[in-house]
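Chain by chain, the residues run as shown.
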Amino acid sequence: MTTAISVAGLHKSFGKTHALDGLDLEVEAGEVHGFLGPNGSGKSTTIRVLLGLLRADSGAARMLDMDPWTDAVELHRRVAYVPGDVTLWRNLSGGEVIDLYGRLHNGGRTRRGGKDGGRTGGLDPARRADLIERFELDPTKKGRTYSKGNRQKVALVAAFASDVDVLILDEPTSGLDPLMEEVFQRCVREERDRGRTILLSSHILSEVEELCDRVSIIRKGRTVESGSLADLRHLTRTSVTAELTGPPNGLASLPGVHELEVQDLEGQDAGVRPDGVRCRVRLHVDTDKLNAVLRSLTDSGVRSLTSTPPTLEELFLRHYQEDVQPDGRRDVQADGRRDVQADSRADGSEETVAR
Amino acid sequence: MTATTTPAAGAFAARVGGSRPLAGTGTLLRFALRRDRVMMPLWIGVTGLLVLSLPASLKTVYSTPAERATLARQMLTNSSLRATYGPVFSDSIGGLTAWRIGSYAGVLAAIMSLIIVVRHTRDEEESGRQELISAAMVGRRAPLTAALLAALVANGVLALLIAGGLAGQGGSGALALGLAIGATGMVFATMAAIVAQLTESARLAKGLTGGLIGAAFVLRAAGDSATDDGSSLLTWISPLGWLENLRAFADERWWVLLLFVAAVAAQGAAAYALAGRRDVGMSFLPTRPGPATGRLGTAEALAWRLQRGAVLGWSLGFLAAGAAFGGITKGAADLVGGNAKTREIIERMGGQAGITDAFLAAMVNMLGMVAALYIVSSVLRLHGEETSQRAEPLLAAAVGRLRWAGGHLVLAFGGASLIMLLGGLGLALGYGSELGAVLGACLVQVPAIWTLGGVAVLLYGLSPRLAPGAWAAAGLALLLGWIGPALNIPQTVMDLSPFGHLPKLPGGTMAWTPVLVLTGIAAALTAAGLTALRRRDLTT
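Going down the list, the protein sequences come from chains A and B. Position 142 (the first sequence) corresponds to 270 in our numbering; numbering is contiguous. Position 143 (the second sequence) corresponds to 755 in our numbering; numbering is contiguous.
This list has only true hints and no planted wrong ones.
Partial chain A-side listing against chain B, Cβ under 8 Å, derived:
id : residue
1  : Leu179
2  : Arg183
3  : Tyr209
4  : Pro211
5  : Asp213
6  : Arg218
7  : Glu224
8  : Asp227
9  : Leu228
10 : Pro267
11 : Lys270
12 : Arg272
Over 12 Å on every C-beta distance to chain B, these chain A residues come out as not near it, computed from the model:
id : residue
13 : Arg320
14 : His386
15 : Glu389
The set of hints was computed from the structure by calculation and includes no laboratory data. Because the structure is a prediction, the values reported are computed rather than measured. For each residue, glycine too, the CB sits at the ideal point set by N, CA and C.
Based on the sequences and whatever the hints tell you, model everything.
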């Protein structure tokens, strides 16, 4: 796989604010990459650097093997962008804006086509019509009369109908209703199936979980986590609930076990239950230490077992609530993360916060 | 008792716009005054200065009562001059001040009022900010009331400033002129309040109200060209005619103030009635749908689409203004030529040749300085596009910054030349001859206009925050050109304005050096601004 977007050690300050503080981001060609972070963590700043709207103070940023600042125009022929807050010209209709953006990606060239052979702009006319229908957009309305969601649809139709290699979507669905959200997700999958690379910045974790192959989580202008969802889950704790026929042995002393709770069922129901269950165990375990825990549990006789991987939301919240110590070191969870970062550094695709 | 009054009170409340319809007005008014803390004092200051500086310059130019009487007599007999300034009702210094500046100060007060009112009503609704405010403890009528009160504060201060500043010329005349100017402002404030209910776009509301102010001026001018005592029906239809017919410093007709009061009350009531019958953000003139597909394909085409209305408006305005100036040239030149002092002033503005040429040159110069306002507003469209985030997706498409800016700059710099040519065409047609000389003179102004455009490009290119400074540069040039010759300001100060270096044409000798140097400076400033624009971050 080739790399579509690669950012390393990006710094950007606005006066005294350090918007980006050594950010790294690696997006493979053809993947949908989730870009997560709380408000003000630097997602939009990163995107604007990638679009050549802002100039980074230091660090490297490349997209499609071009420099976003010096090769901006050439690069933008192959990139479409949907901002989170779409502003339109008051007296241009949505259709006019869609066609304008489409032609601008084609360097002003007009494609001919469509049933009536009419001019529909630098966009694939069939795709344009299809998208307008699916998003239920009225293209004849003037810019000032669109609601936020409809303004976003204008930008989305223009982006999805453009003939580009990379789509950069900055919180593109914040104004869409759930039905439109579904249309959006289907469109993203179609784009991926056509081999396009998509960088999706979003707060809607279910959307990211649904669509993204890999995610990067950033915080205070720095990448704190990057990898596939499976990788990320691996780093965190799995919650395990088991019903046992015998007393648990030495679970508490196993490495990686947290918040162990043992509930003795004997005596409560006056004697052993018919299924022989004697106690219920709840615990959280670092996912890479799960094997030892399971072995210990089976030794005690398992009647039932549920094991739940963490949701993205849990991952996300953990990062955001986590206290970063003054020297930048983090608490327990950081250990596992460092391992993986070391791994990913080894294959050269990742270079992140390990310090 | 309670049982019987409650429904009635409820119905009343629904009719006037809910319970406590004025809740929050005080807070909104303070907020409006804070937001206008620069714009409002500036308008009031400039308008006040124009009025208050007049007695001194009139006294130096027409120092004896005999001279003033001659001026008044001549002004009264020339119908095109009456159209421009109105009839003279008294040849006292105060009377001449009211005659010379009354209509214009009224127009300035009207423009200030329309900006204040639209800014705090339709602008707020269009941007969506009004929703947030209306969702708070704010009565349904509070925003309109606060906007009108803000206009009242501004016009009140202006009226007091003029009344106080001119008191030396006669207390009751000064009070009458101050009140008339302030009241004119309020008439157009309430008119703007009505228009703001009709249109969905603030820009259109400002444009329409501006058009109504223009119509009021034209009505007064037409009436005054027909009669020499302001008694024409056309004059009486126009609020600017009322201002004139109050006859400040000439046996004031105080009852005319009742017309202002009645108009403000009637228009205010209409605005409230309209506002009460519509939803927030809605309007009575609905927006028409646009085409489903567009033909715009380039950044340049978009720039033309965005600026074509302004280019067209300025073109027509310059053609009309040129024709009007041309029409009065002959009579005015004869008039000022009869007075040594005015002749001197006009010659300072327009050169030493014949008085007619000097007058034409002064008008050409005036057009040039006004065209500087066009070029600044046109260049600063870039600023507006960037700060409103509309430039961002364009620049994220395959459009370079230079091409994006270039589209707008072609219209700014080319448009400035176009409107100067049209202004010259109008001037020559109105005057009836000298077409070639006048057109040439107008083109000679262009490098100075471009220089101010270059200043705007440079400031914007360096930082969007500096961009509004271009208005200050154009304003300074206009101020120097307007009051400099009358106050005989030294040449070193006049040289601050690029217009001060130009040869006085028609009539004077052509000098290529300043024209070429200014063109070079304009090009250098523009290039520097574009270079800076390429290097800096965009506003996000």
